[in-house]
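Colleague: Respectively, the protein sequence lines represent chains R and G. Everything in the first sequence is counted per our numbering, starting at 1 for the first residue and increasing by one. Everything in the second sequence is counted per our numbering, starting at 1 for the first residue and increasing by one.
These are computed hints drawn from the structure, not numbers from a lab. Glycine included, C-beta positions come from ideal geometry on N, C-alpha and C. Check before you lean on any hint, since a few could be wrong.
Interface residues of chain R toward chain G, partial, derived using beta-carbon atoms under 7 Å [unchecked claim]:
{"id": "1", "residue": "Thr23"}
{"id": "2", "residue": "Glu50"}
{"id": "3", "residue": "Leu164"}
{"id": "4", "residue": "Ala166"}
{"id": "5", "residue": "Tyr255"}
A few chain G residues facing chain R, derived, Cβ under 10 Å [claimed, not checked]:
{"id": "6", "residue": "Phe13"}
{"id": "7", "residue": "Gly73"}
{"id": "8", "residue": "Pro89"}
{"id": "9", "residue": "Ala152"}
{"id": "10", "residue": "Thr170"}
{"id": "11", "residue": "His173"}
{"id": "12", "residue": "Arg205"}
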Amino acid sequence: MWVFRKPIPRQTEILLGLAGLLTFLGAWQLVAVSGWVRPQFLPTPAAVVEAFGRLFTEQDFAIDIGISVGRVWFAFLLSVLVAVPLGLAMACFRAVGAFLEPFVDFVRYLPVPALVPLLIIWFGVGEASKIAVLVMGTFFQLLLLIVDDTKRVPAEYVESGFTLGASKWQIIRDIIFPAALPSMVNNLRITLGWCWTYLIIAEIVAASSGIGHVIWSLRRFVKTPEVMAGIVAIGIIGLLTDQAFRLLHRRAFRYLER
Amino acid sequence: MAYLDLARVSKTFLSEGRAVEAVTPVTLGIEAGQIVTFVGPSGCGKTTLMRMVGGLETPSGGEIRLAGDLLGGPDRRRGMVFQSYAAFPWKTVAGNIAMGFRYRRDLGGAEKAEGARRLIDLVGLRGFEDSYTNRISGGMRQRVAIARTLAANPDVLLMDEPFGALDALTREHLQSQLLRINRTEEKTTIFVTHDVEEAILVAHRLVVFSARPARVLDDIDVAAILPVADRDQSIRDAPDFLALRRQVQAVLRAEQRRAERQEGDNAA
């Protein structure tokens, strides 16, 4: 069991994973029923599960989830559609990179929550400002990741392309893009996770729908089980999306397997 | 003028604000269909010289002409096979070879397909057409790269230590294949290596370079000594081969001593 830096049997791995989760849940249950903490602060796991059900039956939580998922994907796809071609251009043409990099580096370091008031002034409290918060949070980070992925394509691939008679444009389309695609998809997966973080900020500050809004409004009535259930819902959505991306990665890039 | 003509070609790099001379003016005429091997101490600039022929580096001085045309940036006329495996991992063996045909406008679809079949047989990869390149051996991957380069039908084939990363047996096998391919394709080839035996074995002509900056030390008409037609691995034991190897090694050793002395003088 204590083999050093070597794999252990798959079954053991799964059992250990389950044991870890159960230990966490057990400790939580123990603290919750012990009376050390008031139930308003720490409800039992079972209470959270019940609250989870109530969210769907009494609050139309499914609609809020749909709205949040829609916002995240809209903003995410918008960022991707601009960041991928722009990132390729920045990495392939030094002039484009030199022009944009200082600006992008500056914007990237601005904390997104600090931009929220400004974005509300500009875009109002409607959908536009929420999308703007998400795009501000993801686009610039993603852009630089795409630039890095593109720069990491080995010079030999590009030079091979030129000596096969490809033009610059053909090299970008036929060689650089497919060569960088696996790491790009991996970075999309990571960036989508960040998008969720900013979504909750956007929905807490100014929204009348969405998971963030539900959590924030239930807080006012100290409905701790519901608040925790809302957080768990985000976790579950994140986990599922992440796994879907991993599956897509494995399916689409089978050639990476040895 | 020779088919591939290098006239006073030189290269000076700028490194940390200092000019470093990599290739001192080299003049060299290469005849069509010949395999010319470049040997020399590692880091001497022989690869830089070959990359200038390929248009992947710009000469600081001199000019390179192919069949009379002044050469510039890289194009399909000069194909390159790299030391590291430059086969595209997202393509199968057949897909990689198809990439060699892809940018040719002189062939129709049927001719490309026929050409691909012929090349797969030429490099002995029949049965592996649908394999991805990271599931085949290093030797096979390098054969994919060679076939892909030939598919583009370059006038000149440039090979940068193409078998350097392979084990001895695979290496010998590919050297023999290269000789065989040259007999059928008659491609003008520049082959860079630091392995003297390999340099003699595959060469019509062998050029020995000095330590940096690269300068021609010796230029041997290997084909006149060891006829190319009956060249195979067994030639390694022939007296003429061994004599040639001693000759080249003596030149390289003398150069090594000279370079070390000079370095010592510079340091002092």
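Colleague: So, for every hint listed, does it hold in this structure?
Modeller: Against the structure, the hints come out as follows:
no., hint, result
1, Thr23, "violated, 40 Å"
2, Glu50, "violated, 49 Å"
3, Leu164, "holds, 5 Å"
4, Ala166, "holds, 5 Å"
5, Tyr255, "holds, 4 Å"
6, Phe13, "violated, 16 Å"
7, Gly73, "holds, 7 Å"
8, Pro89, "holds, 6 Å"
9, Ala152, "holds, 5 Å"
10, Thr170, "violated, 19 Å"
11, His173, "violated, 23 Å"
12, Arg205, "violated, 23 Å"
Violated hints, listed in ascending order, are 1, 2, 6, 10, 11, 12; each of the other numbered hints is respected by the structure.
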